[in-house]
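The whole structure should be built from the sequences, with the hints applied where relevant.
Our numbering puts the first residue of the sequence shown at -16, with every later residue one more than the last.
A portion of the hints provided could be inaccurate.
Unchecked claim - When the alpha-carbon atoms are kept at most 30 Å apart in a straight line, the in silico DSS-like pairs for lysine-lysine are as follows: (1) K(-2) <-> K117; (2) K91 <-> K19; (3) K61 <-> K113; (4) K19 <-> K103; (5) K37 <-> K(-2); (6) K103 <-> K117.
Rather than coming from a laboratory, the hints here were simulated on the basis of the structure.
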Amino acid sequence: MVTDYVANGSFASLKANVTLYQEPNYAYFVRNTDLKSGTFEVFVDEHSYNFLSKSVLYGGEIIISNVGDVGSVFLCPKLNRPMTLGNNIIMLRPEQDNLRYYLYIWFKWLYGQSLIQGIKGGSAQPKFNKTDFKNLPIYLPPDDLLQRFHQSVQPMFELIAENTEENQRLSALRNTLLPKLMNGEVDVSDIDL
-16 MVTDYVANGS FASLKANVTL YQEPNYAYFV RNTDLKSGTF EVFVDEHSYN FLSKSVLYGG
44 EIIISNVGDV GSVFLCPKLN RPMTLGNNII MLRPEQDNLR YYLYIWFKWL YGQSLIQGIK
104 GGSAQPKFNK TDFKNLPIYL PPDDLLQRFH QSVQPMFELI AENTEENQRL SALRNTLLPK
164 LMNGEVDVSD IDL
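Take a look at the structure:
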């Protein structure tokens, strides 16, 4: 399945039904910049999330920037609240789970990137459309080889996801404790290192 933000309706209906928030709300509005930084700071309310039902994210989808920074490829993380796809990116959700990491690597590296650059257009701002993307030729190995590949790389990607989550928890803890330490609310002079 390949979809994007505008699969949910016309620009007029999106403008009328989608409200973005800079403070926490019902669901994350996942953008290319959020995926790059690892910090998700734009949200939508429940009405907007329900309106954007064709671009709901669950985590693990392949996200590709199709406007501006064309060809940036990410695996969508699993976050602590519902998520929906932001604008200027497309989402690829393979029907077979064992295709996820293969396709992610395919589009992230040389051959897939050259295919994406080949469909890029736009004079002022680089972009490609979803229809051209759907028509890209993708070479798949035989099922048994694909399954062995998936079994080999899946533990690595799971470890990367666990480490990323742990880093985010530690950063949040640091951001909470550091101001308290600086203000003298926390005393660490008794701690043996």
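Status of each hint after checking the structure:
no., hint, result
1, K(-2) <-> K117, "26 Å, holds"
2, K91 <-> K19, "14 Å, holds"
3, K61 <-> K113, "24 Å, holds"
4, K19 <-> K103, "21 Å, holds"
5, K37 <-> K(-2), "16 Å, holds"
6, K103 <-> K117, "13 Å, holds"
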